[in-house]
Amino acid sequence: MTLALYVPGPSPVHRTPAGVKLLALLVLGVVVFVVPTLPVAAGVLVGVVLVGLVVARLPGRLLVRQVRVVAVWAVAILVFHALATDLLTGLTTAVRLVALVLAAAVVTATTRVTALVAVVERLCAPLRLVGVRPARIGLAVAMALRFVPLVAERADRIREAQAARGGRVRGPRALVLLVVPLLVSVLQLAHTVGEALDARGADTA
Amino acid sequence: MRLRRGPAAAAAVADPSRGIELQGVGHTYGERTVLTGLDLRLTEQRIGVVGTNGSGKSTFARLLNGLVVPAVGSVLVDGLDTATAAREVRRRVGFVFQDPDAQIVHPTVAEDVGYGLENQGVPAAERAERVAEVLDRYGLAGHADHPAHLLSGGQKQLLAIAGVLVMRPARIVFDEPTTLLDLVNTRRIARLVEGLEQAVVVVTHDLALLDGFDRVLVVDGGRVVADDRPAPAVAAYRALVADR
Ligand SMILES: Nc1ncnc2c1ncn2[C@@H]1O[C@H](COP(=O)(O)OP(=O)(O)O)[C@@H](O)[C@H]1O
Ligand SMILES: [Mg+2]
Chain Z
0 MTLALYVPGP
10 SPVHRTPAGV
20 KLLALLVLGV
30 VVFVVPTLPV
40 AAGVLVGVVL
50 VGLVVARLPG
60 RLLVRQVRVV
70 AVWAVAILVF
80 HALATDLLTG
90 LTTAVRLVAL
100 VLAAAVVTAT
110 TRVTALVAVV
120 ERLCAPLRLV
130 GVRPARIGLA
140 VAMALRFVPL
150 VAERADRIRE
160 AQAARGGRVR
170 GPRALVLLVV
180 PLLVSVLQLA
190 HTVGEALDAR
200 GADTA
Chain A
0 MRLRRGPAAA
10 AAVADPSRGI
20 ELQGVGHTYG
30 ERTVLTGLDL
40 RLTEQRIGVV
50 GTNGSGKSTF
60 ARLLNGLVVP
70 AVGSVLVDGL
80 DTATAAREVR
90 RRVGFVFQDP
100 DAQIVHPTVA
110 EDVGYGLENQ
120 GVPAAERAER
130 VAEVLDRYGL
140 AGHADHPAHL
150 LSGGQKQLLA
160 IAGVLVMRPA
170 RIVFDEPTTL
180 LDLVNTRRIA
190 RLVEGLEQAV
200 VVVTHDLALL
210 DGFDRVLVVD
220 GGRVVADDRP
230 APAVAAYRAL
240 VADR
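Protein chains in written order, with numbering that gives the first Met the number 0: chain Z, 0 to 204; chain A, 0 to 243.
FYI, nobody ran anything at the bench for these hints, they're computed from the structure. All C-beta atoms in this analysis are idealised placements derived from N, C-alpha and C, irrespective of residue type, glycine included. A couple of the hints might just be wrong.
If we take Cβ atoms under 10 Å as the criterion, some of the chain Z residues that face chain A in the derived model are [unchecked claim]:
#, residue
1, R14
2, V34
3, R64
4, V116
5, A195
Beta-carbon label-pair distances, calculated as ranges [claimed, not checked]:
#, chain 1, residue 1, chain 2, residue 2, range
6, Z, L122, A, V183, 24 to 34 Å
7, A, D181, Z, G18, 39 to 49 Å
8, Z, A160, A, V183, 23 to 33 Å
A short list of chain A residues far from chain Z (calculated; beta carbon distances all over 10 Å) [as the list claims (entries may be wrong)]:
#, residue
9, N52
10, R61
11, R89
12, G93
13, A143
14, L180
15, L206
16, R228
17, L239
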C-alpha cells in the first residue's frame with residue numbers, strides 16, 4: 000500500500016486550505032470526465048505535474064511511485080480500448096487516470112492528515128442531526144491511514160515466518176494461512192488500541 | 000453487581016497525598032481469578048512491579064488508571080474511585096503500553112502527540128506549542144511530520160511516551176516499556192523514566208531498571224508476595240523462581 004503521506008514544505012500549495020484543495024480535486028475529476036478529450040486530459044496531467052514539482056517542490060520519486068502503482072491499470076485500459084474501441088479513447092482514459100491519481104497524490108502530500116480530517120468532519124457535520132459524532136468519523140479516517148501500513152507490515156511478518164518454515168506464499172491455501180493469524184493479530188491489536196484510546200481520554204472528546 | 004456510589008462520593012475532592020490505594024482488590028476474567036487480596040497504598044515516587052509471565056502484572060497495572068475496574072474491592076487514585084470517576088482518574092494517571100504500535104493512533108508523529116490534548120479540549124495554538132516542546136525534549140523534533148510507521152522501535156516507544164507526557168498526568172504507569180527494545184533504547188527509556196518528575200509505577204522484566212527505585216512489588220499467582228526496597232525484593236523474586 001503506498002499512500003502519499005505529507006511532505007512538509009513552505010509552498011503556496013501547502014498553505015492552501017485543505018477544503019480548497021479537495022474541492023479543486025473534485026472539480027478536476029468532473030472536468031476530465033465531462034470533457035473526455037485527449038488535450039484536456041493531457042493538459043490536466045501537465046498542470047498537475049507542474050504544480051506538484053515546480054510549485055509545491057515535491058520530490059519527483061514520490062510522483063513516480065504513484066504512477067508505478069497505477070501503471071498496470073493504465074496500460075490495461077490502453078490495450079483494452081485499442082482492441083475494443085480505438086487507441087485515442089484508450090490514451091485519453093489512461094492519461095485521465097494517471098492525471099487524477101497524481102492530483103490526489105499532490106493533495107495528500109501537501110496537506111496534513113489533521114487538516115484533511117477536519118474537512119471530513121466539517122462535511123459530516125450535518126450527520127450530527129441523526130446522532131453521529133463527526134469527530135468520531137474524523138478519528139476513524141486518521142486511524143485508517145495510520146493502521147493500513149501497520150497491518151500490511153504484520154501480514155508481511157506472518158508471510159515471512161511461514162516462508163521461513165518452508166510454507167507457500169501464494170495460492171488460496173496460503174491466503175487462508177495468512178488471513179487467520181493476521182485476523183488474530185489484528186483483533187489483539189484492536190483490543191489494545193481501544194484501551195489506549197481510553198487511556199488517552201478518547202471518551203471525553 | 001456492584002453498587003454505584005452516589006454523585007456526592009464521585010465528586011469527592013481529590014487529595015494527591017493519598018496516592019493510589021487498593022482496598023481488598025481482586026479481579027477475575029470470567030471464571031478465572033487473576034488477582035486476589037490486594038491491600039496496598041502506593042505513595043512512593045518510583046515503584047517497580049516484577050513477576051513471571053501471566054502472574055497478573057498487566058491486570059494490576061490496568062487497575063491503577065481504571066482501564067480495568069476490579070471485580071471486588073476498590074481502587075482509589077488521590078481518593079477518587081476508578082469505578083465511578085474513570086475520566087478524572089485517567090487524566091491523573093497516564094499509561095504506557097508494551098507495544099507502542101498499539102497506542103499510536105495518528106499517521107504522523109506530531110499529530111499523534113497532539114491527540115490526547117485534543118481530547119482534553121486544549122485550544123489548537125496551545126496544543127501546537129506543547130507538542131513542539133515535548134517533541135523537542137525527547138529528540139523527536141526532526142520527525143514531527145514523519146509517518147509513525149517508519150520510526151524505529153525505540154523512536155516509536157519515545158513517541159508513545161511523548162503522547163502521554165504531553166498530557167501532564169501526575170502519575171504514569173508503564174507496562175513493560177522496554178520489553179521490545181534493544182539495549183541502547185532500553186537505557187534511553189530507563190534514563191527518561193529516571194528524569195521524570197511524575198510518580199511512576201513500572202512493570203518490567205528488566206531488573207536493572209529498578210536501581211534507585213523506592214519500592215518493588217513481586218507479583219506471583221495474582222498475589223503480591225513481596226513488597227520491599229529493590230534489593231531485597233529482587234532477591235525474593237529470584238528465590239521464588241529459582242526452583243521452577
Ligand atoms: N482480557 C482478558 N481476558 C481473559 N483472560 C485474561 C485477559 N487478560 C489477561 N488474562 C489472563 O490473566 C492472567 C494474567 O494476565 P496478565 O495480567 O496479562 O499477566 P502478566 O502481565 O503478568 O503476564 C493470564 O493468565 C492471562 O491469560
Ligand atoms: Mg503483561
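Hints and how they fare:
{"no.": "1", "hint": "R14", "result": "violated, 15 Å"}
{"no.": "2", "hint": "V34", "result": "violated, 35 Å"}
{"no.": "3", "hint": "R64", "result": "violated, 14 Å"}
{"no.": "4", "hint": "V116", "result": "holds, 9 Å"}
{"no.": "5", "hint": "A195", "result": "holds, 4 Å"}
{"no.": "6", "hint": "Z:L122 / A:V183: 24 to 34 Å", "result": "violated, 45 Å"}
{"no.": "7", "hint": "A:D181 / Z:G18: 39 to 49 Å", "result": "holds, 44 Å"}
{"no.": "8", "hint": "Z:A160 / A:V183: 23 to 33 Å", "result": "holds, 26 Å"}
{"no.": "9", "hint": "N52", "result": "holds, 16 Å"}
{"no.": "10", "hint": "R61", "result": "violated, 7 Å"}
{"no.": "11", "hint": "R89", "result": "violated, 6 Å"}
{"no.": "12", "hint": "G93", "result": "violated, 7 Å"}
{"no.": "13", "hint": "A143", "result": "violated, 8 Å"}
{"no.": "14", "hint": "L180", "result": "holds, 17 Å"}
{"no.": "15", "hint": "L206", "result": "holds, 25 Å"}
{"no.": "16", "hint": "R228", "result": "holds, 29 Å"}
{"no.": "17", "hint": "L239", "result": "holds, 28 Å"}
The structure fails hints 1, 2, 3, 6, 10, 11, 12 and 13 (numbered hints given earlier, in ascending order).
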